Amino acid sequence: MTLLVNPQDWLFGLTGGLMIGAAAALLLLGNGRIMGASGILGNVLTGTGPRIRHEDLPFLLGLIGAPMLAVLVWGAPDSHVSGDLPLLALAGVLVGMGTRLANGCTSGHGVCGMSRFSTRSILATAVYLFAGMLTFFVARHLIGGL
Amino acid sequence: MRSVIAGAAGALFGLGLLVSGMTDTAKVQGWLDVTGTWDPTLAFVLGGAILPMLLAWQVAARRPRALSGTPIPPMPKQVIDGRLLGGSALFGAGWALAGFCPGPALAALGWSGTGGLVFGLAMAGGMIAVNALPALKTRAA
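Chains as they are written, first to last, in the working numbering: chain L, 1 to 146; chain W, 1 to 141.
Hints listed in this document are in silico derivations from the structure and should not be mistaken for laboratory results.
It should be emphasised that the depicted structure is a prediction, and the values quoted were computed from it without experimental measurement.
Among these hints, one or two may not hold up.
[Unchecked claim] Partial list, computed: chain L residues near chain W (C-beta under 7 angstroms):
(1) MET19
(2) LEU29
(3) GLY32
(4) VAL73
(5) SER82
(6) LEU88
(7) ALA124
(8) TYR128
(9) GLY144
[What the hints assert, rightly or not] Label pairs and their computed distance ranges (CB to CB):
(10) L:TRP74 <-> W:ALA43: 22 to 28 angstroms
(11) W:ARG63 <-> L:PHE117: 15 to 21 angstroms
(12) L:THR15 <-> W:ASN131: 34 to 40 angstroms
(13) L:ILE122 <-> W:ALA129: 25 to 31 angstroms
(14) W:ILE128 <-> L:GLY145: 41 to 47 angstroms
In this text, a Cβ means the ideal position worked out from N, Cα and C, and glycines have one as well.
Using the sequences provided together with the hints, build the complete structure.
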């Protein structure tokens, strides 16, 4: 393993992370809601939550719209999205199904659940991290794709 | 008021994802590439995000309700089942293939081109499928 040392990226990561955590804290203490991206999107798409909440649309609007505005002002960073559309479609379906089955993703389980020491969330995070690392190893280093 | 708070939280979340670099799929895949060139940035993002939430849960523990009057969500029943573990494994696999999890995929939806749109639509389809297939239908959380 080679460690990629880029302290400037780490600083941006920490700063962005603090913003993400502050957003989650605002939603929890303001609205009594867990800031899970997959949970809120799933709720809007299927109405499966305990009740349909009218505030989920403004949340998604902010989440999608604010970065768009920032990109308009400061220019788009490179997202390095794969050009392999069938692969992206497969990945999207896996992420969509997996996060709904597990009731959470990186924000819901990783940030909100782990910070309240929920065993479910800690286990879910361990499993998707391990599955992600294993899948990436197989796809890039064994098969040579990605 | 609830909608204003939700919109502000969504915007701050999206900007945080942008600043953190997590809308760059190569950085996320670099985090997963533990046997190759490992990029530890995601640990700083996750650590940074957990810090304010550790504090928020402490505050929440002393208050039965949020500002809007909604009760603070109780700790979920700690059911460890195939649904949680299998779902997380599927999620991790898709995360690795694209370098997107749901939050960054939404934050990049408007500007990352056709690939970002295809991923977002497929993700929405996967979520709807779980709800539509009786064998997979989401239990009330």
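The hints, checked one at a time:
no.	hint	in the structure
1	MET19	3 angstroms, holds
2	LEU29	6 angstroms, holds
3	GLY32	3 angstroms, holds
4	VAL73	11 angstroms, violated
5	SER82	6 angstroms, holds
6	LEU88	5 angstroms, holds
7	ALA124	4 angstroms, holds
8	TYR128	4 angstroms, holds
9	GLY144	12 angstroms, violated
10	L:TRP74 <-> W:ALA43: 22 to 28 angstroms	26 angstroms, holds
11	W:ARG63 <-> L:PHE117: 15 to 21 angstroms	19 angstroms, holds
12	L:THR15 <-> W:ASN131: 34 to 40 angstroms	36 angstroms, holds
13	L:ILE122 <-> W:ALA129: 25 to 31 angstroms	27 angstroms, holds
14	W:ILE128 <-> L:GLY145: 41 to 47 angstroms	28 angstroms, violated
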